[in-house]
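Visitor: For reference, the chains in residue letters:
Number of protein chains: 2
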Amino acid sequence: MTNKQWRLKARPFGEPTSDTWEYTETDMPSIKDGQMLVKVEYISLDPAMRGWLNDSKSYIEPVQIGDVMRAGTVGKVVESKHDKFAVGDYVCGYNGVQSYAVSDGTGLHKVDPKLAPLSYYLGVLGMPGMTGYFGLLKSGEPKEGETVVVSGAAGAVGGLVGQIARIKGCRVVGIAGGKEKCEFLVNELGFDAAIDYKNENVKKALRQTCPKGVDVFFDNVGGDILDDVLTQINLRARIVICGAISQYNNTTPVKGPSNYLSLLVNRARMEGIVVFDNVKEYPTAMKDIAGWIQSGEMKVKDHVVTGIETFPDTLMMLFKGENFGKLVLKVEAN
Amino acid sequence: MTNKQWRLKARPFGEPTSDTWEYTETDMPSIKDGQMLVKVEYISLDPAMRGWLNDSKSYIEPVQIGDVMRAGTVGKVVESKHDKFAVGDYVCGYNGVQSYAVSDGTGLHKVDPKLAPLSYYLGVLGMPGMTGYFGLLKSGEPKEGETVVVSGAAGAVGGLVGQIARIKGCRVVGIAGGKEKCEFLVNELGFDAAIDYKNENVKKALRQTCPKGVDVFFDNVGGDILDDVLTQINLRARIVICGAISQYNNTTPVKGPSNYLSLLVNRARMEGIVVFDNVKEYPTAMKDIAGWIQSGEMKVKDHVVTGIETFPDTLMMLFKGENFGKLVLKVEAN
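Going line by line, the protein sequences match chains A and B.
The first sequence begins at 1250 in the working numbering and counts up one residue at a time.
The second sequence begins at 1250 in the working numbering and counts up one residue at a time.
Because the hints were derived from the structure by calculation, they are not lab data.
Please note: incorrect hints may appear among the correct ones.
[Stated by the list, open to error] Going by beta-carbon spacing under 10 Å, a handful of chain A positions derived as facing chain B:
| no. | residue |
| --- | --- |
| 1 | M1298 |
| 2 | G1300 |
| 3 | S1307 |
| 4 | Y1308 |
| 5 | I1490 |
| 6 | A1493 |
| 7 | K1504 |
| 8 | P1506 |
| 9 | L1510 |
| 10 | S1511 |
| 11 | A1517 |
| 12 | M1519 |
| 13 | I1522 |
| 14 | V1523 |
| 15 | D1526 |
| 16 | K1529 |
[To be verified] Straight-line C-alpha distance at most 25 Å; calculated DSS-like pairs for lysine-lysine:
| no. | chain 1 | residue 1 | chain 2 | residue 2 |
| --- | --- | --- | --- | --- |
| 17 | B | K1452 | A | K1306 |
| 18 | A | K1392 | B | K1387 |
| 19 | B | K1417 | B | K1550 |
| 20 | B | K1579 | B | K1253 |
| 21 | A | K1453 | B | K1504 |
| 22 | A | K1306 | B | K1536 |
| 23 | B | K1504 | A | K1504 |
| 24 | B | K1569 | B | K1428 |
| 25 | A | K1363 | A | K1288 |
| 26 | A | K1387 | B | K1387 |
| 27 | A | K1504 | B | K1452 |
| 28 | B | K1447 | B | K1387 |
| 29 | B | K1569 | B | K1363 |
| 30 | A | K1504 | B | K1363 |
| 31 | A | K1253 | A | K1330 |
| 32 | B | K1392 | A | K1461 |
| 33 | B | K1536 | A | K1387 |
| 34 | A | K1504 | B | K1306 |
| 35 | A | K1461 | A | K1387 |
| 36 | A | K1306 | B | K1461 |
| 37 | A | K1417 | A | K1363 |
| 38 | A | K1569 | A | K1428 |
| 39 | B | K1306 | A | K1452 |
| 40 | A | K1387 | A | K1325 |
The beta carbon of each residue, even a glycine, is placed where N, CA and C say it ideally should be.
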């Protein structure tokens, strides 16, 4: 038995390629006192991972060349010399893109597989869930009756943001790629409308679907979509900058929002968010989200791909818009 | 005796040119009951005027073709059939680029020529003063010990913003064009440092002059300077978008800030302001500013050009960076 790992081989310029990653199989690690061995079952794939590959100052250290790629994971403790974690416990944390991880427990927390499917702890009850919940409610500050637009709406964060906005009494319009995703947003997640950016003129569609203008824009995408929404914002609108997936693999400079002076005309604000700032309040968010799921007010869609071997290609699904719901890598078939 | 007027002849594409304006001399207007005749003495020239020439939705109606150009003015009542304004009163308001204006008093307020030079009512005690005061204090929210950077620092708004930030106990760095302006900022206005964007690498100079990073950026300029400052902002920085004079005469799309994702990394915000939102609180601001001038804590620099005939060329001084202090057009030599 060996430990399967994906390591960063070289920093990508533009899109990650086969040169970016190195697949290694190493001997099973042994643990010392105060450590445990975790069998990783699910690996979270998130747009933010692209940023961690760049050697630049950010909200978190870059992954170093040769290191196992950082990733959120959920797994099972299979050996333990740690007094707080026992064999059989399920744990969530940044154990990386590998099938087994040695941990002293730092940054890990236990999760209950009976309360929710394990993959949920990487999605609605994990980092994307916390990102959407706090980003929308604290920075977006949606009020009942307002219009909330979200980009990347069929992704992990976007789907949750739109549903929370609906629950809060807002008109919700999602922007996503393709007819299937757009129908899902309206028919399954209860969005008021959806815009298919691949087949529609976004600016025109915004005018049609947001007749009272846009009060809150939760942006996961950046680029032209951000510029289009900026033309439709209301007085004192709030734009939450959660990400800019359209720009992460650029080999040219990021496209800044040409229409940013709409902020001036409308006395609006654009604010960046990072999920970790809210760590103390995660329990509140998890309780709310779990409650909405239980009551049926919120639906969850995971997109699970099996086989750690597929990691490089599966990660690219995010940037190609091929994931439909929260993208999760299941380490191996049962 | 005739009324000299500058009218909008054609909307400019890019820089206003001789085709933009029409000079007219019309008969002296007569007044009806409830009206007064104001002899305009000073005309305010402001970057915002460029925006009023565009036929697009904004915070104020565009000037219409054929109309006298809108402008803030201060002048003297020379005839009156209005029960609240008497001959000899000095009044401030949007009387336009003309030597005489008929008014029913709407939007006019009386000013006292004994309390301050008349031109001050178009500068520190007028629209630019209110813009800087509320923009900095309400949107910038500077705290003692923080670093505040202001662009267009030798202009009407920038000079005031930097001085208020200094009075509030901040480290103040101004960005301006040319050695003379930069020396003035440090030696006369008490800025801690100044960056000459025409002769220095702004990003490098920011690192040197803002060793603790940038907490507040008050931006009048946009373009590359905004992008440079975005690379140096601190966690939870506030960027106040007051204007973007570098972009107003573009014939290509506005240059959006490529580095806007620094807002995300730093959980920072960028917010637009429009002065008119604070109209009820103008008296507070005027009292504060007048007090600082009286105590010597704040210095005022006006740049007065004489002769209404020069209006088109004098206005262009703003966009060429040729004004040094608040630019005011004196209608005629005494």
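Visitor: Each hint should be assessed against the structure and marked as holding or not.
Guide: Tested hints:
1. M1298: 15 Å, violated
2. G1300: 9 Å, holds
3. S1307: Status holds, d = 5 Å.
4. Y1308: At 5 Å from the nearest chain B Cβ, Y1308 (chain A) passes the 10 Å test, so the hint holds.
5. I1490: Nearest chain B Cβ about 5 Å off; hint holds.
6. A1493: 6 Å, holds
7. K1504: 7 Å, holds
8. P1506: 4 Å, holds
9. L1510: 6 Å, holds
10. S1511: Cβ of S1511 (chain A) sits 8 Å from chain B, so the hint holds.
11. A1517: With a minimum Cβ separation of about 6 Å from chain B (threshold 10 Å), the hint on A1517 (chain A) holds.
12. M1519: 5 Å, holds
13. I1522: This interface hint holds because 6 Å falls under the 10 Å limit.
14. V1523: 6 Å, holds
15. D1526: 6 Å, holds
16. K1529: 15 Å, violated
17. B:K1452 to A:K1306: 15 Å, holds
18. A:K1392 to B:K1387: Within the cut-off at roughly 22 Å; holds.
19. B:K1417 to B:K1550: 20 Å, holds
20. B:K1579 to B:K1253: Holds, at roughly 13 Å.
21. A:K1453 to B:K1504: 23 Å, holds
22. A:K1306 to B:K1536: 44 Å, violated
23. B:K1504 to A:K1504: 9 Å, holds
24. B:K1569 to B:K1428: Holds, at roughly 16 Å.
25. A:K1363 to A:K1288: 18 Å, holds
26. A:K1387 to B:K1387: The hint holds at about 19 Å.
27. A:K1504 to B:K1452: 19 Å, holds
28. B:K1447 to B:K1387: 30 Å, violated
29. B:K1569 to B:K1363: 34 Å, violated
30. A:K1504 to B:K1363: With a Cα-Cα distance of about 52 Å, the restraint between K1504 (chain A) and K1363 (chain B) is violated, given a limit of 25 Å.
31. A:K1253 to A:K1330: Holds, because 22 Å separates the two Cα atoms, which is no more than 25 Å.
32. B:K1392 to A:K1461: Given that 25 Å is the threshold and the Cα spacing comes to 37 Å, the pair is violated.
33. B:K1536 to A:K1387: Not satisfied, since the Cα-Cα distance of roughly 35 Å exceeds 25 Å.
34. A:K1504 to B:K1306: Holds: K1504 (chain A) and K1306 (chain B) sit about 24 Å apart, inside 25 Å.
35. A:K1461 to A:K1387: Roughly 22 Å separates the two Cα atoms, so the pair holds.
36. A:K1306 to B:K1461: 15 Å, holds
37. A:K1417 to A:K1363: 28 Å, violated
38. A:K1569 to A:K1428: 16 Å, holds
39. B:K1306 to A:K1452: Answer holds: K1306 (chain B) to K1452 (chain A) is near 16 Å, not above 25 Å.
40. A:K1387 to A:K1325: 34 Å, violated
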